[in-house]
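Chemist: Each chain, letter by letter, is given below.
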Amino acid sequence: NAGVTQTPKFQVLKTGQSMTLQCAQDMNHEYMSWYRQDPGMGLRLIHYSVGAGITDQGEVPNGYNVSRSTTEDFPLRLLSAAPSQTSVYFCASSYRKNLAKNIQYFGAGTRLSVL
Amino acid sequence: AQKITQTQPGMFVQEKEAVTLDCTYDTSDQSYGLFWYKQPSSGEMIFLIYQGSYDEQNATEGRYSLNFQKARKSANLVISASQLGDSAMYFCAMREPYSGGGADGLTFGKGTHLIIQP
Chain A
1 NAGVTQTPKF
11 QVLKTGQSMT
21 LQCAQDMNHE
31 YMSWYRQDPG
41 MGLRLIHYSV
51 GAGITDQGEV
61 PNGYNVSRST
71 TEDFPLRLLS
81 AAPSQTSVYF
91 CASSYRKNLA
101 KNIQYFGAGT
111 RLSVL
Chain B
1 AQKITQTQPG
11 MFVQEKEAVT
21 LDCTYDTSDQ
31 SYGLFWYKQP
41 SSGEMIFLIY
51 QGSYDEQNAT
61 EGRYSLNFQK
71 ARKSANLVIS
81 ASQLGDSAMY
91 FCAMREPYSG
101 GGADGLTFGK
111 GTHLIIQP
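Just so you know, the protein sequences line up as chains A and B, in that order. Using the working numbering, read the first sequence as starting at 1 and increasing by one per residue. Using the working numbering, read the second sequence as starting at 1 and increasing by one per residue.
Just to be clear, a hint being listed does not mean it is correct.
Unchecked claim - Taking lysine-lysine pairs in the DSSO-like style, the calculated list, with each CA pair at most 27 angstroms apart, reads: (1) 73/B / 101/A; (2) 110/B / 70/B; (3) 9/A / 110/B.
To be verified - Here's a subset of chain A near chain B, in silico, CB distances under 8 angstroms, partners left out: (4) 43; (5) 88; (6) 105.
In short, the hints are calculated from the structure, not lab data. By construction, the Cβ of each residue, glycine as well, lies at the ideal position given by its N, Cα and C atoms.
Here chain A stands alone, though its shape is the one from the complex (with noise of 0.2 angstroms):
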């Protein structure tokens, strides 16, 4: 009964590395999403997928890449990280149909600083 699983839970980075945050469900979503919580906010949404091989851009998706070549993986890419990335990111996954419905249900999260 995983859900939603997110690696690693924790990392630091120096400015300018690069690395990928890893997301799988294993409920069948066709959706998936990538949100960060900064200190006192919300989440605020990043990129998201409808689907295999689908994805969008979200409100703050600046710096940051994903992919969706499975149903069951949205692995989310910074390519070069910069400390405005610090924060912690949650990946959500949720069913397309009655869209308004559709509950997302998120990964545990993982804590990034960028040095």
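Chain B: place on chain A using the hints.
Modeler: Leaving out everything else, chain B in the frame of chain A:
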């Protein structure tokens, strides 16, 4: 303008009292969904309750209910008989699935930090 406004940054409530957490929203869409999530100190996001814009009755899930006033664009969360374990951040969120050209995801408020005192 903010799409989701939560006006209570923090609240202290005595155990066993009822709690109302405020949420107002802004949308021009007719079809939308409103969600509440709980984030305990451990950090995970836990879904609590959902209200659809066309739902005529207020949503209820156990001790949680949603006071939905469509004309006022408010969707307040009510927690009955609060418990110490209810201490957490609470986020109101909205999804507008048919907003033309907009991103397809949840828009969150900044949250309310609820502390239940014994």
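Chemist: All the hints need checking, so say for each whether the structure fits it.
Modeler: The hints, checked one at a time:
1. Proximity of residue 73/B to residue 101/A is assessed by CA-CA distance (about 18 angstroms); at most 27 angstroms being required, the pair is judged to hold.
2. In summary, the hint linking residue 110/B to residue 70/B is supported, as the alpha carbons are separated by about 21 angstroms, within the 27 angstroms threshold.
3. Under the criterion of a C-alpha separation no larger than 27 angstroms, the hint pairing residue 9/A with residue 110/B is consistent with the structure, at around 23 angstroms.
4. Hint status for residue 43/A: holds, given a least beta-carbon distance of 5 angstroms to chain B, under 8 angstroms.
5. For residue 88/A, the shortest C-beta to C-beta distance to chain B is roughly 7 angstroms, which falls under 8 angstroms, so the interface hint holds.
6. Given the 8 angstroms rule on beta carbons, the hint for residue 105/A holds: about 7 angstroms separates it from the nearest Cβ of chain B.
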